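Numbering-wise (our numbering), the sequence shown opens with residue 14 and increments by one.
No lab work stands behind these hints, which were simulated from the structure alone.
On a predicted model such as this, the values are computed, not experimentally measured, just so you know.
Honestly, I wouldn't trust all of these hints.
Once the Cα atoms are required to be at most 25 angstroms apart in a straight line, the calculated DSS-like pairs of lysine-lysine come out as [stated by the list, open to error]: (1) LYS246 - LYS943; (2) LYS246 - LYS946; (3) LYS323 - LYS312.
Between beta-carbon pairs, the in silico distance windows are [to be verified]: (4) LYS44 - GLN535: 26 to 34 angstroms; (5) GLY162 - ASN127: 48 to 56 angstroms; (6) PRO202 - ARG851: 48 to 56 angstroms; (7) PHE848 - ARG945: 20 to 28 angstroms; (8) ILE529 - GLY204: 38 to 46 angstroms; (9) THR855 - GLN705: 29 to 37 angstroms; (10) LYS203 - ARG851: 37 to 45 angstroms; (11) LEU745 - PRO202: 35 to 43 angstroms; (12) GLN705 - PHE935: 44 to 52 angstroms.
The beta-carbon is built from N, C-alpha and C at its ideal position, and this holds for glycine as well.
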Amino acid sequence: MRLQGLASLGIHVTFVLWITVGLVNQGASHKHYSRARKLELREDVRRMFQHAYDGYLQHASNYDELRPLTCDGHDTWGSYSLTLIDALDTLATMGNFTEFRRVFALLTEKMDFNRDINVSVFETNIRIVGGLLSAHLLSRRAGVTLEPGWPCQGPLLRMAEDVARRLLPAFDTNTGMPYGTVNLRYGVPKGETSVTCTAGVGTFLIEFGTLSRLTGNSIYEDVALQAVYALWKYRSPIGLFGNHIDVQTGRWTALDSGIGAGVDSLFEYLVKGAVLLNRPELLQLFHEARTAIDKYMRKEDWYMWVGMNKGHVTLPIFQSLEAFWPGILSLIGDTEPAMRTMTRYISVWKKYGFLPEFYNIAAGEASPNREVYPLRPELIESAMYLYRATKNEYLLELGEHMLETIEFSAKTKCGYATIRNVVTHEKENRMESFFLAETSKYLYLLFDEDNILHNDGAQGELMADTEENVCVVQAGAYIFNTEAHPMDLSALHCCHDYKEDIFSSLDLQRFTERSIFERSRQLQKSEQDQWQPECQQSYASRDWDRDRVDRKDSTATIAVDIEVFDEFQQPAADILVGNFERIREERDLSHSSSSGSSGGTERNSIEKQRSDVPRNQLTVSDLDEFFSQQRDSFASSQDTLQYILNFMGNFTMDVAFIRGLQLYDKNISTVLGTGAQKEYESRMRSLWELFQLEQQYAANIHLIQSLGLLKFNTESNMGDSELMRRHFAQVLEELDQLHLRQNYSQPPPTISQISPASFIKAAILNARTGYEIAMVNTTAMQEFVHRVYVVGTNESKTHFLPLLEPNELGQLHVAELSPEEEQQLFTYTRRLVDFRKRMSETVDRLQTLMQDWTPPPSTTATANPTTPAPKGIEQTTTDKPHLEQSDNMQEQRQKESDSGGSVWSQFVQTILRKTTAQRVKFDESILREKTRKFLDKHAPRQTPHELFSCRRPEYIESFAYRDYYPEAL
């Protein structure tokens, strides 16, 4: 980071130091938080949430997420109004029941997930399925008019099951572990990769378990359990999990093991799933996994990344996603080590005011290119859990200061922005949905001690539809999924018997207290002589494979390249390697440029082709200096131009910043397609390169609009397809020629001033002229840099004075484009014209085929069987709105197609068969049967009595199923 940039951000550093001064002493608060003060902070959180929520509704309600710097929206995970669903239960948590009911009704009326889109199985489950289930369970408290049979019935419950059923094809694999991607309409796409992250395999117990308990359909809970047991079978000989695994073969493809990105929620769901679903065997798996974690990863209360086969440290880093771990430890009553680790994580927060995605523990600084903080909730989540367990006000102080830093550094006029760099507190144009779903909710719950979600079971609501169907809801024990969507544990017991009588075939006499005691004593006596407590065995002599069923050979997996993964569960190794390669190439280029002029032409050619730009990151100080320049500082207009060109050529912006800014007019991507946007964001560029590329796009749009290439129709003089193709061919021919230079002392001619014969030439000449003038237009360059300044600093009211007057601009020398440069300038126009020409030819051939093809005889009665094909097509098109309004008519149309049908119907069906991508076939009944066989074969053995014979953990006393475990011998 340049020194000027750091100096300009001194106010951020001062603020961070000021707000963290109260946290100097480890674990000790210098404040006392009265009830009134906590309520004040709770209301501050409510206002923060409302500001972000209102911004999303106003600017991005039809998109997945808000972009808070440009105040618009974009789709990220599935194009299904993700933030609206993700934030719904937060409205209920904060008591905004009016808005909850409005969104509830909106989703019920308009939301439809039958879409041809590929989505992440993991993200769709935790955000959409989890959000819908949580909102369903909170709808009674929010005053929604409920259906009879709630909580076992309801529109959001049916919607959640609809989404979950669309995810089920992902689980139809050789191992039972799910694919990472499905198509919501067609299932797993053909050719989909079988490699997915560990968390993507083991993070379904909460949502799918809740769904099965509410609906009575066991398939969801069964596939979630099967995935966990299958994953457990493939852990390494020393008990560790890798980062990514092939779900078809069980082969690990990434061998780094940790508790952070790509793995984290597996451990979270083992604990929470044990409590929610009353499955103590899951808790046993967690403790076994934790033993290996503490042995190999834990170093002085930090948790490193290690090799899964040997346990050696591979990455001495802390990831912000790991901050969930102290909260999980607090859930099982292990608060002392949780607090020690929490203190380590808080020390990183105190250093920057936020948590970077990666923090190098050995170096004591944020890892390069991983300084981003996307407003993650994990640290405040653990603070909330630990405060509930310890009442340590140090955690309230942490929450207060986190609230202050978010307000100070992340707030924008319409939301809260991702912190692009925790060192400089620069913003990035994204607000993840979890800011409203998790971060705001956990902060609110930290200060709201009387919230219903903190209910300890002292109160609840009695549900009694009949004398046989009585249950209690809202009685506490809310279990949060990994997206902070709370599940009402008490409500799950309302529907299990309602859907399925599990006691009808049981011998109740076997469950009397005396029968259980006698069987327990007999089992203990039979095993007592042969048993040796595990706590007396050495680690090396312990038979780890004794507990595993059908374990494969324990030979270590062959190592592959070490990979780390980002917040989107995507491999980051390519990014790291790319950065190293870029640094090396820039260094080599620097050395070669200083070695002499030999080979200069070749080097310049390579440099132009690859566009290697030395990194010189633009800062606010540089921009302030740029806009402080006066016209009097320059001897001539040419000197002024040269200064601006040097400035724009000297400073660069990297890909993430360019992508967040969206500098150019949105019309560019509309006319030129997404390829232009991808090219614009493809690599780091200097300001001059960005300005030049933007002007190239503008020239192409001007030419396309002047030629009317997007408006051809049958009513125009080019309606005839042959004339249209001739016109396109003439445009292509003219684009390949170099036109005479325009006299810049006169304004460019307009289309109306020239003859029709020169129409195309004049349009090309005007577009080229505009581009050449823009290359010396200092005012346009200043406007471009000003847009960077406004978006990057959120200073919307700032202005600038043009350095050159219009008459001075007219005196600047305008360089004429070379033939090669003109060819390059109109690349997008040439591509568009060529495409439309080929499309016209294709349509002509299809029409010829339609006219020559006679449909086979049809047995379906028609109103006029002798109607020619063209009229039949027109009639079908005319009737289309009526067909869409009637399911019966749709079925009739399908039957017509199957039995011959109209020419148009058969033609469309043929096109669909040729163009529709093949999908993996899926049969839910086969998956159900396969899953049940797996669970019967791999069901965990009865918990041995010696499990807690060494020391019975205290946390067992707080579980409803504590009597399942006998006392120690």
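Against the structure, the hints come out as follows:
no. : hint                                : verdict
1   : LYS246 - LYS943                     : holds (17 angstroms)
2   : LYS246 - LYS946                     : holds (16 angstroms)
3   : LYS323 - LYS312                     : holds (16 angstroms)
4   : LYS44 - GLN535: 26 to 34 angstroms  : violated (59 angstroms)
5   : GLY162 - ASN127: 48 to 56 angstroms : violated (25 angstroms)
6   : PRO202 - ARG851: 48 to 56 angstroms : violated (27 angstroms)
7   : PHE848 - ARG945: 20 to 28 angstroms : violated (53 angstroms)
8   : ILE529 - GLY204: 38 to 46 angstroms : violated (54 angstroms)
9   : THR855 - GLN705: 29 to 37 angstroms : holds (35 angstroms)
10  : LYS203 - ARG851: 37 to 45 angstroms : violated (27 angstroms)
11  : LEU745 - PRO202: 35 to 43 angstroms : holds (36 angstroms)
12  : GLN705 - PHE935: 44 to 52 angstroms : holds (50 angstroms)
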